[in-house]
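Construct all of the structure, not just a fragment, from the sequences and the given hints.
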Amino acid sequence: MNTTPRQRVGWGAANVIVVLVAAIPVLWLVSLSFKDPSTITDGSFYPHNWTFANYRGIFDQPLFTHALVNSIAIALISTFLGVALGAMAAYAIARLDFPGKRLLVASALLIAMFPAISLVNPMFNLWRTLGIFDTWVGLIIPYMTFSLPLSIYTLSAFFREIPWELERAAALDGATPLQAFRRVIIPLAAPGVFTTAILVFLYCWNDFVFAISLTSTNNARTVPAALAFFTGASQFEQPTGSIAAAAVVITIPVIIVVLLFQRRIVAGLTAGAVKG
Amino acid sequence: MRLLPAMKLGAVADAGQAIGTGRPGRGRVTERARAERRLAWMLCAPAVAVMALVAIYPIVYAIYLSFQRYDLRFPDDKTWIGVDNYTTILSSTDLWWQAFGITVLITVVSVAIELVLGMAVAIVMHRAIFGRGIIRTAVLVPYGVVTVAAAFSWQYAWTPGTGYLAGLLSSTNAPLTHQWQAVAIIILAEVWKTTPFMALLLLAGLSLVPEELLRAAKVDGATAWQRFWSVMVPVMKPAILVALLFRTLDAFRIFDNIYILTQGSQNTRSVSILNYDQLFTALNLGVGSAMSVLIFLATGLIAFGYIKGFGAAAPGQELKR
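Going down the list, the sequences are from chains A and B.
Its first residue numbered 1, the first sequence is counted upward by one per residue in the numbering used here.
Its first residue numbered 1001, the second sequence is counted upward by one per residue in the numbering used here.
Since the hints were made in silico from the structure, they are not lab data.
Because the structure is a prediction, the values reported are computed rather than measured.
Fair warning: there could be bad hints in the mix.
[To be verified] Cβ-Cβ distance ranges computed for the label pairs, FRET-style:
no.	chain 1	residue 1	chain 2	residue 2	range
1	A	Ala23	B	Gly1309	34 to 42 angstroms
2	B	Phe1074	A	Ile24	46 to 54 angstroms
3	A	Ala228	B	Gln1226	48 to 56 angstroms
4	A	Leu172	B	Val1108	52 to 60 angstroms
5	B	Lys1237	A	Phe52	48 to 56 angstroms
6	A	Glu237	B	Lys1237	51 to 59 angstroms
7	B	Ala1045	A	Arg56	43 to 51 angstroms
8	A	Val69	B	Trp1097	41 to 49 angstroms
9	A	Glu237	B	Ala1045	53 to 61 angstroms
10	A	Thr129	B	His1126	48 to 56 angstroms
11	B	Thr1093	A	Asn219	37 to 45 angstroms
12	B	Tyr1164	A	Pro62	31 to 39 angstroms
No residue lacks a Cβ here, since even glycine has one placed at the ideal position from N, Cα and C.
Written out as structure tokens, the structure is:
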């Protein structure tokens, strides 16, 4: 396609605007996190006196370090369990014929629409009775459950694209069923499972409603919930720098992963949404 | 790459499917179909059990609790009081209806803005002559950012003295301490975070628009605007409705942004924030549960409205081939 200079300028401007709007709030957090207490309220977008004190400070606080460990462990365990359960159901939905399939998909999607806050009231009471309030299990259970619709949906969309007849071809070539599964099916299914795992992990990592409602101490509080409890170095000091640094710590690694796997994530997010 | 339905299963199972699904008494073939069914149910059972136990049961329990007087400070006073909790909530204009109004306002305005912006971004991503990769990268940044972290970024941006945006709305006041300015900032934070999701769903719909159709319309003399409204929008309608349905339900349960930005002060509470306060500040599990049930019903009504009113694909229909 031939382009005129005017078109180039127009598209260039559109690109620049989108990039700036997307990046500025994140850069602002980064900037705040590097400001020292004397310049943090100067309103400037750049830190004039750079400092690592905010980062050193949060990694000395049990509030943050515990929360970080909780966040990572709870999100990883929930993702593993959720994707495992989701993959089994998605395999059945994509490949097998059984009565109740439509009902299962419909109810999974209905559950995806549940407002989290509606479940917090009954869960708060149930969890206290069961003794899992403010524990890892207490958060893993809702995360695993409410990410299931996402993993069932995304995985079944991926699984339907797999050329399953290759499995039979492998069998004809003399492979045992286990070999066919390991050498042929797993490599074909892995990208979809991996993508789904990223999406589910992001859901668990991002959650705030369950995290703030079903925890009360460092025992299970995740970083998004812990941020709301940060205090300054002294009680007269705003915790702005610490919160910004903590926000950067939980944001930047995730953004890097998202950007590294952007093609897959886009495919995963849109898989199934318009097919049908 | 789409597989033909016939390639979905092994050839033998496929024959079985064609002849004998659900019809007993056909010997080997039915045996196979029955085995397939058993395997499918076994594979789905754990997911179904988890969803029933962790999603359905608590909702039923919330309905039960909503008919109880249950104040956590006086747990021994727990007793059945019928619909009293609902009457209390629905007759409180300054709490429930105020929060409901704010929630609806935030939902409608932010979803409308997201639709327009999301469509623009999707078109830029689809049509850009260069830099498509950059746009996609940029768009995924807000998607990846933790909502609470982004909310703090907006909060500090609008804090007088600290923030780069604080002087924008008024030079003397803190915008987050005024109801309408605070609501506008909440909507801004919501739109920034979720427009990427909208754009990606719309982009998927956009890729279904046949290029020849657009070219034919162009040859026939349709303007860009006409091509958009008469060719692209009708083809994309299912994708648009799915995106709107998802985002409307999501916006209606807004919590994170408000909790961080205003904590619900200056009458900026959404129904979710109000429900949270009812439980953790007022410690009233009975009224809180009734509120949970009402929010749940409202969500159901929205979904029902989209599916019946606008003909959005009902859940489950997407799987039809």
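| Falls inside 31 to 39 angstroms, the C-beta gap from B:Tyr1164 to A:Pro62? | holds, 32 angstroms
| message | A range of 48 to 56 angstroms was offered for this pair. Does it hold for the Cβ distance of B:Lys1237 and A:Phe52? | response | This hint holds: roughly 52 angstroms between Cβ atoms.
| C-beta pair B:Thr1093, A:Asn219: status relative to the range 37 to 45 angstroms that was hinted | For B:Thr1093 and A:Asn219 the Cβ distance comes to about 40 angstroms; the hint holds.
| task | Kindly confirm whether 34 to 42 angstroms is satisfied by the beta carbon distance between A:Ala23 and B:Gly1309. | result | holds, 38 angstroms
| message | Range first: 53 to 61 angstroms. Now tell me if the beta carbons of A:Glu237 and B:Ala1045 are that far apart. | response | About 54 angstroms separates the Cβ atoms of A:Glu237 and B:Ala1045, which means 53 to 61 angstroms holds.
| Range agreement (Cβ of B:Lys1237 with Cβ of A:Glu237, hint 51 to 59 angstroms) | holds, 54 angstroms
| query | Taking 48 to 56 angstroms as the hint, is the beta-carbon distance of A:Ala228 and B:Gln1226 inside that range? | reply | holds, 50 angstroms
| query | Does the Cβ distance between A:Thr129 and B:His1126 fall inside 48 to 56 angstroms? | reply | Between A:Thr129 and B:His1126, where Cβ atoms are some 52 angstroms apart, the hint holds.
| request: Could you see if the CB distance from A:Leu172 to B:Val1108 stays within 52 to 60 angstroms? | output: Between A:Leu172 and B:Val1108, where Cβ atoms are some 58 angstroms apart, the hint holds.
| said: Given a hint of 41 to 49 angstroms, does the C-beta separation of A:Val69 and B:Trp1097 actually sit inside it? | reply: holds, 43 angstroms
| said: For the hint 43 to 51 angstroms, verify it against the beta carbon of B:Ala1045 and that of A:Arg56. | reply: Holds - the Cβ-Cβ distance for B:Ala1045 and A:Arg56, about 50 angstroms, lies within 43 to 51 angstroms.
| query | Does 46 to 54 angstroms hold as the CB distance between B:Phe1074 and A:Ile24, or does it fail? | reply | Holds, since B:Phe1074 and A:Ile24 (Cβ atoms, about 50 angstroms apart) stay within the stated range.
When each numbered hint is compared with the structure, no violation occurs for any of them.
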